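Using the sequences and the hints, build the whole thing.
Sequence lines, in order, name chains A and B. Our numbering applies: residue 1 is where the first sequence begins, and numbers increase by one. Our numbering applies: residue 1001 is where the second sequence begins, and numbers increase by one.
The hints are simulated quantities; they were obtained by calculation from the structure and are not laboratory data. Note that the coordinates shown come from a computational prediction; the quantities given were computed from them, not determined experimentally. Don't take every hint at face value.
Simulated DEER-style distance windows between Cβ atoms [to be verified]:
hint: 1; chain 1: B; residue 1: Leu-1544; chain 2: A; residue 2: Asp-108; range: 28 to 34 angstroms
hint: 2; chain 1: A; residue 1: Pro-67; chain 2: B; residue 2: Leu-1579; range: 27 to 33 angstroms
hint: 3; chain 1: A; residue 1: Asp-108; chain 2: B; residue 2: Arg-1616; range: 19 to 25 angstroms
hint: 4; chain 1: B; residue 1: Ala-1610; chain 2: A; residue 2: Pro-67; range: 34 to 40 angstroms
Chain B regions said to be covered by chain A (calculated; three or more residues, Cβ under 8 angstroms) [as the list claims (entries may be wrong)]:
hint: 5; region: 1668-1676
hint: 6; region: 1713-1720
Backbone N, C-alpha and C define an ideal beta-carbon position, used for all residues, glycine too.
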Amino acid sequence: MAALLAILIGCLYAAGVYMMLRRSLFKLILGLVLLSHGANLLIFTAGGLTRAQPPIIPAGADAPVVPSADPLPQALILTAIVIGFGVLAFALVLFHRAYQTIGSDDPDELRVSDG
Amino acid sequence: MTAVLSGFVLALVAPGLYRRARAGAGWLLALLPLGLAGYFGSYTEAVAAGETVRASYSWAPALGVDLSFCLDGLSLLFALLITGIGALILIYAGGYLSGHPQLGRLYAFLLLFMASMLGLVLADNLLALFVFWELTSLSSYLLIGFDHERAEARAAALQALLVTGGGGLALLAGLLLLGQAGGSLELSVLLGQPHDLRGHPLYLPMLLLVLLGAFTKSAQFPFHFWLPGAMAAPTPISAYLHSATMVKAGVYLLARLHPLLGGTDAWHALVTGFGAATMLAGGLLAVTQTDLKRILAYSTVSALGTLVLLLGIGTSAAVTAALVFLLAHALYKGALFLVAGALDHETGTRDVRQLGGLWRTMPVTAAAAGLAALSLAGFAPFLSFIGKELVFEAVWAAPGAGFILAPAAVLAGALFVVTAGLTGVRPFWGAPRATPRPPHEAPLSLWLGPVLLAGSGLLFGLWPALVAAQLVSPAVTAVVGHPQHVLLALWHGFNLALALSGVSLVLGLALYLGWNAIRRASACLEPLLNRGPAMWYEVALRGLNRLAQGQTRLLQSGYLRYYLMIVLVATAGLTGATLVRRGRLASPVDWSGLSFYDAGLALLILLATAAAVLARSRLAAIAALGVVGYSVALVFVLFGAPDVAMTQFLVETLTVILFVLVFYHLPESPAVSHTLARLRDALLAAAVGVLMTGLVLLAGDVQYHPPISAYFAEHSLADAHGRNLVNVILVDFRGLDTLGEITVLAVAGVGVYALLKLRVGAQGHSAAGSTEVQPARTDAAPLEPEPGPVPAVNGAPQDGGLALANPAAEEGGGR
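See the structure below:
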């Protein structure tokens, strides 16, 4: 499965990069989201894939069942997802505002710094 | 240490002091250098007895860089010159620029420079030496550009900074090589060890770099052109920096490193050669000038050439001659510069053709000028006469080259005589000429310096023993590397040096009498010797500017996608190349364990991604994006990460809602990219994708460290009382990370709120600036009195919610 995920990550990165290179702020933000999906999966895969139990200590036990998944990459991805969302929300509103000001979706129109 | 620092400290308070004390400030400030001179003077006995005084302070011990100082004979000679002349210059500056609104600043710069120069000649650590070296360049820049309202002064300051700063960079490289080859950055260690750097494979690069630094600083041909330009500075500065002290830093460096690098064929050829060329070029250029300060500047270039030439010869006789000559030169040249300044101040001109017969009105200045001029010409019984004799003797005895160098030195000496006549005699004797201002005697502060300097030249000449044993001998010892006892005397008997001296005097007098003819004749040398190198400087500077412009145009296009492209191409190229060269898949790609669900999910993500990329309508793209997000969440479910999956589901839902809210009302934007551009971007994107896939496959095989999760599993329940390890990590083990995350969210939230809440209408005036970027709108609303910005501005959400741009505006825009 790691191989499949690797291909998937590659595709997500490629799609994200392609979208970020377009002349449209909408596509730029879309590309950003795809890229962050790719990055999250990258951390996930690099942390070691396992179909084991989630890292939870069952009631009555002192330690998680062996084998269970590595909790650390999961914690990192959680943080990444939330921060990614924060950035996305800000980018969307920024776009909204830019559209109001320049009346276009084209980043090339964003050339007057104090327009 | 304290001595060096005190100058910096006083530089800070000098402007304040000037505001309080006004006219007396120069005299007050002069007390510091005077005190320092006394302080250094108190070490004369000890240093003459062969001691070196050291002080060291830890600076960056990890790098082996200490702020260490060392006072030996050579340093002492320079330190006394710097502080002694410095005191006179501070007094002089007060009189010369009295009432100038920026005088306080000038004092600050002068003191800053003095402290840097002291640090330079006292530093024992090569890097400390370099830092002080650069500080002198910087303070020189500030001083030359003191009249910063004149374009000419600014250009001259920049030129001096670029030439000496460029040389400084070479010097840094040379000093680092030297430190590496010698195994230490401390000069005292390098000088004391038996290691012979001359045989080191890096000797030649080291020598060339150090010489480049020294030659640019000491204005050696062909870098001499910045020095006359630096005469744009007020005269006290020219006298101090560009005659008596800073330009001698290069000479100091050569003398200091002579025991380490000197004595080889390369050293002899390069140092002697450039020195001789500079000596003659400077002398010839001096007699073509009519401006007093420029005459003196070129004559200084010539003197610096002589010093370098002598250090190139490097015999102990030559070194002795160099140091005596250096001392004498600092005394008379400083005096003549100050006289030139006094003349300028009192008569309003520095053109020698307009000055004459001034001894009647300016008797004291005339006397000082006369003494200094006789000294410059090399008449007995001045110190410079002794120096000149020694120079001729040393040059004649130079191994292998004496018969070429001696005539050159005689010619240079004759040109010195002409210079002396022009600057010290001609303005004061003969018939009085009309000057722009009626001349009168200079005030005490203006004549004190020249009188003292010229007077000491005479004093040391009459009693050379005053300086021979205490100052010159220890300095020569420091340069040559073994103890030397120098005996100076006015009378050496009838010998070759005396004959050469006589020849050069007679020749010089003859040249002086025929000056007008000679000036016209030698004017043809000007383009070759002066404009040539200056032109190369211009060409190099223009080339550099053009290179910077071209590179900026190439890299700073202003288009986001090109920046991205540069970053991506560089990353993909560099990482990809390394992967291809080094990367090895340890095991073949493992397809086992692939279930139906996995394959189906992966296929779903791929299709949804493709749909998001290719979708024509925005809503379709947003929907496809949602599918990608939910499917990724399912991947987390499959591999034991339910918490992550849950978060992903929530966030994905919010993301889709946000997207729809923002984009629902906006019209579709037309596809603007060219097919070729798409192909190019697709290729680049594919390359990045392949690179990432390759990286993940390779990374899967690498396990450098055992995971640290065992620790979490063990301590989660015991210490943190939590059963969900992921949650415990987030709120407990790595709680600070989560705090950071929350902060990011809060900042983003504030940003979102501010962007939505701030009324667009508030920027009605600034929106006018956007007219030129939306021509479509202007065309569409021709009836509006103020077309363009108005409809766009009206789209402001009045309620602060996600109310979107006014649809009417969109229709008005014809989209």
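I'd like to know which numbered hints this structure contradicts. Please list them from smallest to largest.
Violated hints: none at all, because every hint is consistent with the structure.
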